[in-house]
Amino acid sequence: MTRIIVGPFNRVEGDLEVTLDVEEGVVTAARAGSPLYRGFEQILHGKHPLDALMFAPRVCGICSVSQSLAAARALADAMGLAAPANGRIASNLAHAVENLADHFTHFHLFFMPDFARAEYATRPWHARAAARFKALQGSAMAEAMPARTAFLTMLGTLAGKWPHTLSLQPGGSARALEASEKIRLHALLRDFRRHVETTLFNDTLETVAALDSVAALSRWTAEKPRGDFGLFLEIADDLALDTLGRGIDRFMSYGNYPQADGLLLPRGVWQGGLRALDEKAIAEDLSHAWMAGETRHPACGVTQPDDAKADGYTWCKAPRLAGLAVETGALARQVVAGHPLARDLIGKGGGSVKARVVARLLEITLILPHMEQWVRQIVPGEPFCTQGELPDKASGVGLVEAARGSLGHWLSVADGRIANYQIISPTTWNFSPRDGAGVPGPLEQALVGTPAGEGQVAVQHVVRSFDPCMVCTVH
Amino acid sequence: MDTRTPNLVWLQSGGCGGCTMSLLCSGANRLFDQLGDAGIRVLWHPTLSEQSGAEARALLEDCAEGRVPLDFLCIEGALLRGPNGSGRFHILSGSGKPMTEWVARLAARARHVLAIGSCAAWGGVVAASENPTQACGLQYDGEIPGGLLGAGWKGQGGLPVINVAGCPSHPDWISETLLALAQGQFTAQDLDALKRPRFFADHLVHHGCARNEFYEFKASAHKPSDLGCLMENLGCKGTQAHADCNLRPWNGNGSCTRGGFACISCTEPGFEEPGHPFHETPKLAGIPIGLPTDMPKAWFVALAALSKSATPKRVRDNAVADHQVVVPAVKKTGLK
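These protein sequences, in sequence, are chains C and P. Mapping of the first sequence onto numbering that gives the first Met the number 0: residues 0 to 474, in sequence order. Mapping of the second sequence onto numbering that gives the first Met the number 0: residues 0 to 335, in sequence order.
The hints are simulated quantities; they were obtained by calculation from the structure and are not laboratory data. For every residue, glycine included, the Cβ atom is placed at its ideal position computed from N, Cα and C. Please note that the accuracy of each hint is not assured.
[Claimed, not checked] Calculated lysine-lysine pairs in the BS3-like style (CA-CA distance at most 30 Å, straight line):
1. C/K181 to P/K282
2. P/K222 to P/K296
3. P/K307 to P/K222
4. P/K307 to P/K282
5. C/K133 to C/K46
6. P/K331 to P/K312
7. P/K153 to P/K222
8. P/K312 to P/K282
9. C/K392 to P/K312
10. C/K46 to P/K282
11. C/K279 to C/K392
12. C/K46 to C/K223
13. P/K307 to P/K296
14. P/K296 to C/K308
15. P/K312 to P/K296
16. C/K308 to C/K279
17. P/K96 to C/K46
18. P/K312 to P/K222
19. P/K296 to P/K331
20. C/K392 to P/K222
21. P/K296 to C/K181
[As the list claims (entries may be wrong)] DEER-style ranges, computed between Cβ atoms:
22. P/A37 to C/G79: 53 to 59 Å
23. C/A239 to P/D32: 36 to 42 Å
24. C/A239 to P/D201: 54 to 60 Å
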């Protein structure tokens, strides 16, 4: 057995170290290490509860709006506040812009450049992949980055700036929109739609969103060239990415985008079938984290670093749902929501590199048309933000779906101050270490069986297929 | 003459990656064209480069040992000296060595070192409360000179660490600093007292604020989403904070005050611990403690009282609404 340490693991958000035990060229065990601890939960202790709105987005520069929204929802829960329709819609729009921009960034900047590597020089698609996606040089990046920048100007209007806004409030949005701004936002959505329909799909969003099986996806791909998504699918077939990075096939989603009549994407757990999600069954195991304390529900969780811990190999806690590891992210959201293509993908090959990437791009096609509707539903002149009083003693939970998956904030207030603040981020779930029973986290399990060693890029594909955000992970 | 193409290494220390995300909002296409025009080659950036693992470590080691000359070292995120001075709160993955050690070694070789964002400049939000990770900036610990590299430190190019502060930093602040350096158009005179580039730090956030008329009449917002001035009640520090956020908009046409919330003076050292909740203006006898920079307090109080008494109904009513409830009158006689 040889041990390989991969780090710095770049083109992920933040710092990651992966330790691999390799026998005969195949990973037999993996450990995901988060080597950075910043202490946000310690910092928030004793602060005014509304200060969480300033600190939370700064947990993460790439899912900043999701962090803001989770904090705002936890505060709203503690205050017993509900946002007016305009505030709910404006918050959903800001959230969806960030989520879709993150999917878009992941595909172009983080994931695809690996196929331009010299290791693949003999593959029939390599020249095209290199021309489009070579890091810092590819033509796709040159097109995608201005499109992303333009799309994110929606957040200039909706939230003042990105990242790190304070417009998302417990009572809705502090940024009321005018009629002419609705027109501008709609135009920006149409611009982004045109870009992805042209370069990613070579088809309409609605057609891609309606693909209902792996077979339908294959037929669609065979019809004509399908842009950069088509290139990915060609590579995925050639490298059998549908069999790479098989996960634990237990998926969780907190649900997302509240509408007047409930969540657009539902909350739930999928393990061979759909089940209700019991938030009370969440607990963080600290056995292999450099953290002192016992396994606890996050509402009474403790964050106390202990860098001398013998069994520790990461700053990341190990969240478990009813004692079990779960995978979270776009694939999990769409499987829980019952999208037929997502269900068919995991039915045929389980969670895989291909399934995760397809689900992310599928989500762009599903959410963008809703955003166009939401802009139309805003009524200028009607309120965007309700006000309320914060009780001296209260508790609240904020659950949202960030681009990378389920994000929760648990807040306790005593004597008008934050008595406890606990955050569980998507990558805390996906890249969690082993738990007290020795069961590895989702990535750690997905890496087992992956070819590794000289000239092998497969480990990189598996890790990046989760779109990890390491700054969020430990916070 | 050195005809080598200047290169750039970017490292992410104890931060959130938000300054990189902000930088990419300049449109990476345009950004990389700009850097290319200035002859700057990106040797390694954790978000953008192909090299990973051993390849990346070798590249950093070459720079740290001086085998590869290093022109621009950009550090994003605070330097975490804890626990107990060990730096173990951030080990650069794969290297077994604290990030603080890497930064110090690389900085010693670099022609110019840039602190990207307020974490790298001062410590920033990570240094709040009890500062559990012993976070500091490259050359400042809050507003006290020192930090990781020490107050007297200078790069090979003769400049101290350039503090491109902000939380996050504005994409243009970063790119324009780099371009000015590459073109030899940036000297010690271009830095303010806190070593921030003066082209943005010689302005106040107040300059160009869209709420200006409300400020003039002290017609103040009382709650989030109100249109009025955010200074009197909602914690806005725009009249004191050094930055050009309302002259050089964010993400198209945004800024904090345009986004409906107060300036929290994120380009200033210590902004993370203002000594009061961020959404409230601290007052003494009903008068805000933090008055505009350069203005005698008595004058401010007198002017505020006068302008409050002269506030037009339109401005007063709109200040506490989330949309205009009274629009400016159209004069029949035309504008004079």
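Against the structure, the hints:
1. Proposed proximity of C/K181 and P/K282 is contradicted: the alpha carbons are some 38 Å apart, above 30 Å.
2. Only pairs whose Cα atoms come within 30 Å are accepted, and P/K222 paired with P/K296 is accepted, the gap being roughly 26 Å.
3. Under the criterion of a C-alpha separation no larger than 30 Å, the hint pairing P/K307 with P/K222 is consistent with the structure, at around 19 Å.
4. A C-alpha spacing of about 17 Å is found between P/K307 and P/K282, which places the hinted pair at or below 30 Å, so the restraint holds.
5. Distance restraint check for C/K133 and C/K46: the Cα-Cα separation of roughly 46 Å exceeds the 30 Å cut-off, and the hinted pair is therefore not satisfied.
6. At roughly 20 Å between alpha-carbon atoms, P/K331 and P/K312 fall within 30 Å of each other, so this suggested pair holds.
7. Distance check on the hinted pair: P/K153 and P/K222 sit about 46 Å apart at the alpha-carbon level, beyond 30 Å; violated.
8. For the hint pairing P/K312 with P/K282, the CA-to-CA distance comes to about 26 Å; that is within 30 Å, so the pair holds.
9. Under the criterion of a C-alpha separation no larger than 30 Å, the hint pairing C/K392 with P/K312 is inconsistent with the structure, at around 40 Å.
10. In summary, the hint linking C/K46 to P/K282 is supported, as the alpha carbons are separated by about 19 Å, within the 30 Å threshold.
11. Among the hinted pairs, C/K279 with C/K392 is consistent with the structure: their alpha-carbon atoms are about 21 Å apart, no more than 30 Å.
12. In summary, the hint linking C/K46 to C/K223 is not supported, as the alpha carbons are separated by about 57 Å, beyond the 30 Å threshold.
13. Between P/K307 and P/K296, the direct Cα distance comes to roughly 16 Å. Compliance with the 30 Å bound is thereby established for this hinted pair.
14. As the CA atoms of P/K296 and C/K308 are separated by approximately 55 Å, the hinted pair breaks the 30 Å bound.
15. Proposed proximity of P/K312 and P/K296 is supported: the alpha carbons are some 27 Å apart, at most 30 Å.
16. Pair hint C/K308 plus C/K279 holds up; C-alpha atoms about 28 Å apart against a cutoff of 30 Å.
17. Of the pairs offered as hints, the one joining P/K96 and C/K46 is violated, with about 33 Å between alpha carbons and a cut-off of 30 Å exceeded.
18. Taking the CA atoms of P/K312 and P/K222, the gap is about 19 Å. The hint holds against a cut of 30 Å.
19. With a C-alpha separation of about 41 Å, the suggested pairing of P/K296 with P/K331 is violated against the 30 Å cut-off.
20. Of the pairs offered as hints, the one joining C/K392 and P/K222 holds, with about 22 Å between alpha carbons and a cut-off of 30 Å not exceeded.
21. Restraint check for P/K296 and C/K181: not satisfied, since their Cα atoms lie roughly 42 Å apart, outside the 30 Å limit.
22. Separation of P/A37 from C/G79 is about 55 Å and conforms to the stated range, judged on CB atoms against 53 to 59 Å.
23. For the pair C/A239 and P/D32, the supplied restraint of 36 to 42 Å holds, since their beta-carbon distance comes to about 38 Å.
24. For the pair C/A239 and P/D201, the beta carbons lie near 58 Å from each other, so the given range of 54 to 60 Å is met.
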